[in-house]
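With the sequences and hints as input, model every part of the structure.
These are the residues of each chain, in order.
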Amino acid sequence: MSSLLGVAARALRTARTPQTMIAAVLAWSITVAPAAFARGAAPASRVCAVLALLCGVGGPLFLAERRRIGRHLGITAFLALALGAWLFSLPSLHPVRMSPFRAAIGSLAWAIFALSWREVWPKPDDARKDDPAAGALPPRASLPFLSIPILTFAIVGALLLVLAAFRTREPERGLVAQAIAVACGVGLVTTAATIATSLGKDRSSSGRRFTPVVIRALFVLVSVAVGGALYILLRT
Amino acid sequence: MSRAIDVFSVALLAAAIAAFGFGVVALSDREDFKALYLLVVGALALRASTELLRPRSGSA
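Chains as they are written, first to last, in the working numbering: chain A, 1 to 236; chain B, 1 to 60.
Rather than coming from a laboratory, the hints here were simulated on the basis of the structure.
Mixed in with the good hints there might be a few duds.
[As the list claims (entries may be wrong)] As a list, the in silico SDA-like pairs of lysine to any residue whose alpha-carbon atoms are at most 20 Å apart:
(1) B/Lys-34 with A/Val-176
(2) B/Lys-34 with A/Glu-172
(3) A/Lys-201 with B/Ala-11
(4) A/Lys-201 with B/Ser-2
(5) B/Lys-34 with A/Ser-223
(6) A/Lys-201 with A/Ile-148
(7) A/Lys-201 with A/Thr-190
(8) B/Lys-34 with A/Gly-228
(9) B/Lys-34 with A/Ala-229
(10) B/Lys-34 with B/Ala-15
(11) A/Lys-201 with A/Pro-149
Now the structure itself:
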């Protein structure tokens, strides 16, 4: 126990810990507390909100020396409890009751929270040392053929997803549709970037490209696609 | 073979874009099961497309 207190005391002397704590308090006070402590919110929502605040403030204390604990408390538990607080206070989150100004400030606060947990890379103690056994890794002179069209295609697709979400008429469903569209768009652009930079690489020295992992991924895809399509057809 | 894998991977990406698009449209049309199905298929297609291009262990 005294060891943990020592870790926390030493962390407070660093510049980063207070910044991260303030960012968590900011995000909590703008987006979680107003919903959890609103009139009509369930008591469980208040409990989740208080626990979330404790985790959000406590996590950064372990950032310097007990990194894993710190990240689980400050990110995983904080986000899970904040989500719990919101789920237990859904009437307070109705879009009609939401202030656009507070929503915008809340988005900014969560962006600051995400940045406050940034990793400085490469870390000084992890700085890469030259490996005499490693060969030279010359950079590519140019991007692979079709890289830019593929990435452009994915970015346009991601934007169209967000536009398609605006078709939704109900406010509650619209929020969900927007969130899903943004998440899908991020996934699309990330994957397209991976594909665009991996095109044309020699990925195997033995010639067998369909590894068990690939076959499993394709099998799951085909099974879900065919099974779901059959279920929808039989149901209608 | 490598070119075919590349093409297949891009085709899976296109399939994922289409699945996501129809999924979001289905969601806005209140067809929740269809939306969920299409979004899951899109996510699996994305995963398969990156698994195809992932370097194998032991390769250069």
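The hints, checked one at a time:
no., hint, in the structure
1, B/Lys-34 with A/Val-176, "holds, 15 Å"
2, B/Lys-34 with A/Glu-172, "holds, 18 Å"
3, A/Lys-201 with B/Ala-11, "holds, 17 Å"
4, A/Lys-201 with B/Ser-2, "holds, 8 Å"
5, B/Lys-34 with A/Ser-223, "holds, 16 Å"
6, A/Lys-201 with A/Ile-148, "holds, 16 Å"
7, A/Lys-201 with A/Thr-190, "holds, 18 Å"
8, B/Lys-34 with A/Gly-228, "holds, 8 Å"
9, B/Lys-34 with A/Ala-229, "holds, 9 Å"
10, B/Lys-34 with B/Ala-15, "holds, 16 Å"
11, A/Lys-201 with A/Pro-149, "holds, 18 Å"
Checked against the numbered hints listed earlier, the structure breaks none of them; every hint is satisfied.
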